[in-house]
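Asker: Could you put the whole structure together from the sequences, leaning on the hints where they help?
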Amino acid sequence: MDIFGVPIQALMGQLMLGIVNGSFYAVLSLGLAIIFGVLKIVNFAHGAFFMLGAFTAFLLGQHLGANYWVALVAAPIAVALFGMLFEWLFLRRLYGLDPIYGLLLTFSLVLVLEGGFRVAFGSSGQPYATPEALRGTINLGFMVLPIYRGFVILAAVLTCLVTWYVIERTSVGARLRAATERAELTQAFGINVPLLVTLTYGVGVGLAAFAGVLAAPIFHVNPSMGSSLVIIIFAVVVIGGLGSIMGAIVTGLGLGVVEGFTRVFYSEFSSTIVFLVMVLVLLIRPAGLFGREES
Amino acid sequence: MLAKLPSRTAALTSVVLALGAASGTMASNGFSDDVVRIGVLTDMSGIYSDLSGEAAVEAVRMAVEDFGGEVHGVPIEVIYGDHRNRADTGASRAREWYDNDGVDMINDLSNSGVALAVAAVADERQRHAISNSASNIGLTNDYCSPYVTHYTYDAYSLAQGTGKTIVEDGGDTWFFLTVDFAFGIGLEQQVSDVVREAGGHVMGAARHPLDTTDFSSYALQAQASGAEIIGIASTGADAINAINALSEFGVSPSQRPAALLLWFDDIVSLGLDTAQGLLINNAFYWDADEGSREFSERFYERTGRMPNMAHAGNYSSTMHYLNAVEAAGTDDPDAVSEKMRELEINDFFATGGYIRPNGRMVHDQYLWEVKAPDESEYDYDFLRLVATISGEDAFQPLEDSTCHLLNGG
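If you're matching them up, the sequences are chains L and X in order. Per UniProt numbering, residue 1 is the first one in the first sequence, and the count goes up by one each step. Per UniProt numbering, residue 1 is the first one in the second sequence, and the count goes up by one each step.
Sample of chain X residues facing chain L (criterion: CB under 8 Å; computed from the structure): (1) 47; (2) 214; (3) 265.
Sample of chain L residues facing chain X (criterion: CB under 8 Å; computed from the structure): (4) 13; (5) 14; (6) 17; (7) 21; (8) 118; (9) 124; (10) 125; (11) 127; (12) 144; (13) 260; (14) 267.
Since the hints were made in silico from the structure, they are not lab data. None of these values were measured; they are calculated from a predicted model. Note that beta-carbon positions come from the ideal geometry of N, C-alpha and C, so glycine has one too.
Answerer: This is the structure in structure tokens:
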């Protein structure tokens, strides 16, 4: 059976791959949305933290012999700590200023990190092996899916749901949301808002690093691996609605699928389709699909 | 302030004029500025910094040191600059070097766009330029010049090597994964021509944007095409990601990927687990013979990496240029150009190599197969020789070149 001349099997295959890519988009844009929601900072360094996660996993393996599973937990924590240090030392001086300052500062961090890693490890990148237990492929009938890619979908969706639950349904999340809405009032209740903000940045950065470790066996660890993703991630957050958690997750997965289908019908357009969707959404719903119009 | 401006401008103008005059001055000993100055114009910080970059500068420095650091008592100097993979930056740096800094020859020139732009400047300023890392055959066709040399390889030799050998070996149906700009499309066309001429079929191509990270959907398209050979018409990170995806989706061994331009650094980066069995066309391999090993070990000590074909080409071409300067007894570009085309090149890089009137350095090319991990006995023991393609077969026949110099023009 064909749809517009494309066999349905090929379409199903691309749908599956779109979900895999969408999983990365979802985890990354989730982190970005949390950071923007609480800090009102446009974290341009998000792609660099993604790269840092992958490199930390690689270095942990090289120097400490840490396997993939250890790296999957340790690398995001290490990168999150680095992110919190960055927030504490530099970023917090910019709160309340024009967002362009935050954008410039985080962009400069991208240049420093990417340049530094390029000098230290070269531009062609380093290999990172797929963990033994997740090697091989499964035949789904319509396509042969590498087991590792299936694992990425599960890990990413689970992470997104847990993060959403913590923010929307727990008391920690309630404090966080309160600090977002009315920082001064929340502080008056005895809640340490600056600490909450630092931790939030750490969680957002940690999510990017987590996606980086997930990506390491697929995309090859190289200094510019995050820079091509970060623009799409920004588009995802804008389409989903700035600061909207569920918006970031759903839009991330959705755009991955849209992009996958575009590759079947008109491959050259696949890097542009996300931005076309962004333009259309902004024209119809300027606050994004899940965003609230500010009164 | 306003009153000061004209005098300052005048002072600046006189300095510039003095420098300009100095750069054009030929000393009585036949050497301009009493120094032979070589500029390495390369990618120091971008995607091609591994395949050329700092190590290319080091290769040129090694050649100068091995030559003795001076020619006819005149010192040889090496300077370098970053073209940032932008043709306009490369061209303006070349102009500045030739006009103000007395540079006699520019080497490396990674990135075809940059190489073509600098070739035009070299022709206009009548100074030498040698490209070792770029592939575009325009350098020896429409952009040819008596002062421009294309040394290590080109897109034509890549097509003749990998394409032809694989078709003759029975791989006669092809599908291409092509990076969607002039370099990839040109390479795909060159290889397609070779495949069709040899009786093979091209089943189609998937074009992807530059710097694509996810190749999974292209891997599925390649799988669905049923072609025996997946030709990868890209290089560096794109080619690495494409090969990774093909290997992950189990495309081989029923289908074989053929990387049309893979550098030794890319094999290091891929690892033998993934790269094993790939056929690659490289003009140089560090472990080919005694001469290449001797050079490579010295290079490794200085840079911490094994040289690829561009690094070796940078060394060999610098040495050839200096030999020509020595033979000519001057750094006058016309005299050197004549000697460069007259002298034969015999070193660890090329045997019986020579430069055609259109600037093409003709020398043997080699097709290698990447070893499996258990076949690799020591560090960087990565390649096995499959075929040697003679220089005459590897490069575009002179009669097909559109170079204006060939018609006496």
